[in-house]
Amino acid sequence: MTTLTMTRATLLKDLRMEWRSKDAINSMLFFALLVVVIFSFAFNPTAEESRRIAGGLVWVAFLFAAVVALNQTWARELRNQVLDAYRVSPAPPNALFLAKAVGNFLFVVVLEGLMAPLFVVFYELRSVGPLWQLIVVALLGTWALVVNGTFFAALSIRTRSREIMLPLILFPISIPALLGMVDATTAILTGEASPDFWIKMLAVYDVVFTAVCLLLFETVLNAE
Amino acid sequence: MKNIFVTFVALTVGLLAFSTYQGLFVAPTEQTMGEVQRIFYYHVPSAWTAGVCFFVNFLASVAYLWKRNAASDALAAASAEVGVMFCTVVLITGPIWARPVWGIWWTWDARLTTTLVLWLIYVSYLVLRRFAAGGQTQVLAAALAIFGFVDVPIVYMSIRWFRTQHPSPVMGGGENSGLDPAMLHAFFWNLLSFTCVGIVLMVLRYRLQRLEEKVEATHAAAALQGGAQ
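Protein sequence lines correspond, in order, to chains A and B.
Take the first sequence: its letters are residues 1 to 224, numbered as in the numbering used here.
Take the second sequence: its letters are residues 1 to 229, numbered as in the numbering used here.
In isolation and in its complexed conformation, chain B is listed as follows (with noise of 0.2 angstroms):
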């Protein structure tokens, strides 16, 4: 099982190297945006990870709910911070490239503002993690978790006739419809890579929230024999 894990690894890391090749040297530059256009292959796949790291999560939420088991509750909590992770990353690079595309940094489109309040909902549950005591923890993040999860369509929903209603002031923009080949070629290339760096990601959070619960474990059996430092 860890030859295997380690191997993936390797393989990531070699992939990660390929495909941010493919995006900064092999892709064509795009006409009109230049170069800056090439964050294109980070901000995309970043998003997607993002996505697929609060789906995981939301599964293992359900998971613990039906089952009750640490391993469960430890996947809930990495995919979440991996996917807070991959969401920051999806909202710095976004400004970074709107600014000389757009001119402005921040506009409060449909998709910019959905993945804000994203990032706000799976921001909480991470706070709640860190505040709620002792044993109920797991129980709580998993409830909330079901929440945020249920949220997003509405969000996304609501949003969207937001901004249909009042037209912002930014048109077009962001759609990639008609991706040159060479493009797609890089984009898929990072795509996967993304996604195994996520992958890798949560596997380690996951090791680590393991272990932190067997030191806490131990040092609670410890105490209980009066033998705790």
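Chain A on its own, in the form it takes in the complex (with noise of 0.2 angstroms):
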């Protein structure tokens, strides 16, 4: 079996899980909904002012909700021993993780997708920059964000109190890019400064992290 088809059929098998249950989607949707309501009140911003702090608002938003999903990334797994049944199975286990981690990213990008009609909507935002470079940003921001969620995940479930355990150790290593997708958000939609410098430092941030998280995953997996 290659790692093609095997990412394949459990990233196939993750995905109609979710169409069917729809666990992670409708939790973080409505997390997010959440954060961006309480947002409102405590900043109350005006639209000149929303659009300065919209790149932290939105992140910090999807930052918090893209946690409830990964941590329910392995959960499913731990049921009925299947984790270790894949760990016995001589399929490769890099293919798990791809599966996992493209199925995250999936459910934050369509996450995303929701929810950036209600920021404009609730803060009146309106990009001077443009979209594509928007898109850009939210693709490698989320990419960013996924990957190394997923690993820490899967790190977390191994220990005591796992869900607290994840935002704790991905938070600090993601400092970086959660930098790097809030000034360039900011930077796009307030069209003062040139998101070039972020952009091309979250593709490095995502080339170096996917790299190192593929060399450590069996690792991890086989963990005892």
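Coverage of chain B stretches by chain A, computed from C-beta distances (three or more under 8 angstroms per stretch; other residues unrestricted):
| hint | stretch |
| --- | --- |
| 1 | 111-124 |
| 2 | 134-140 |
| 3 | 146-160 |
With beta-carbon atoms standing in for the labels, derived distance ranges:
| hint | chain 1 | residue 1 | chain 2 | residue 2 | range |
| --- | --- | --- | --- | --- | --- |
| 4 | B | Ala223 | A | Arg160 | 17 to 25 angstroms |
| 5 | A | Glu218 | B | Arg210 | 22 to 30 angstroms |
| 6 | A | Phe43 | B | Arg210 | 49 to 57 angstroms |
| 7 | A | Ala203 | B | Trp108 | 21 to 29 angstroms |
| 8 | A | Glu48 | B | Trp106 | 23 to 31 angstroms |
| 9 | A | Ile53 | B | Tyr21 | 47 to 55 angstroms |
| 10 | A | Gln81 | B | Leu11 | 49 to 57 angstroms |
| 11 | A | Gln81 | B | Ala17 | 54 to 62 angstroms |
| 12 | B | Tyr21 | A | Ser161 | 44 to 52 angstroms |
| 13 | A | Ser161 | B | Trp105 | 30 to 38 angstroms |
| 14 | A | Ala203 | B | Arg99 | 36 to 44 angstroms |
| 15 | A | Ser40 | B | Trp66 | 48 to 56 angstroms |
| 16 | B | Gly34 | A | Val204 | 41 to 49 angstroms |
Derived from the structure by calculation, the hints contain no laboratory data.
A quick note: this is a predicted structure, and the numbers were derived from the prediction, not measured.
We put the beta carbon where it would ideally sit given N, CA and C, even for glycine.
Need the complex rebuilt from these two chains, each delivered in its own frame; the hints are there to steer you.
What follows is the structure, given as structure tokens:
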């Protein structure tokens, strides 16, 4: 079995399960919605202000929401010892990791697509810079969060108090990526600065950490 | 081996006394900053020692994943803890100096922010070690250590860009361009003594870790025989 077929099989299985239950997407959506409403109360911004703070606001909401989904990534494989079965099977471990990461990526991208209109409505957002740059930043930034998040979720299911553990180890490592996403988004929305450096930085971050994840996942999966 | 270590500890204590004397009494008082500048002799050597500890942590983690020996893991745990301690010293002495000199306790300047993020990463490493269950701790911790180490240059690069984009309220300061030879002298003695203190603490913490492992193994063996307390 090649990595590609295994990845596709696992990914399709996850997507089908998510399509039927809609657990991850519903909890993420509701969570992000709550964050949007609470931020709006907390800052009560005007249209001009909200353009300045929107970069931070949007990404903090997505980051918190993504953690909700990431925590569920491996939990479902623990039931009925699916993960153990996977470990004894000859399937390549990285196929499992890639499938989970791509699955989470799709969930979070769908969430972002659904939430974007809400942000526009609630915060009267209008971008000065081009829209395609925002999309590039969103895709690179989401992958940066999700690839490390999927890996660290696999770490944190092995610990006591798993659900608290994930943000504790994910957030410090993600600080440069978050800084990049927030600053690039603000730069595009206000049109005052060029987001080029941040887009390059996010791309580097993605490549480096995807490599590290693929390098170490087998070790972590088989940790005893 | 034990004698060598005791001698080394004695030497370190002597060295620390000497370098403290150098820093507090021998080195000349800085003209504009005054006495508060002397914190420099503790601040910078602590930062250096923290950096050494984190580097040791990275090497030990890689060694653990490669060889899977308990010794590397104990060294990784010891160096991370000592490193976090020195990093905390850096983060506390920094604001004490900055307040009279810059007029503010803290600024989100590249070096300060990078140090803080570094501290956060290694605290999360220690938290993971504390929470990980049983025999998996070592592998999980080693994996996270590698992530943390890879992250540091990216953090520094991105925050430096972030700050050059938006000029910070406080310009200058901190740079020791053209240090007085007498100050340099005191500084290097302190650098040496702090490095030695770091090594001593790491060795002690390493031994403690190995002892704890032994105690745990003995308890486990006793429990298996049904004679556990």
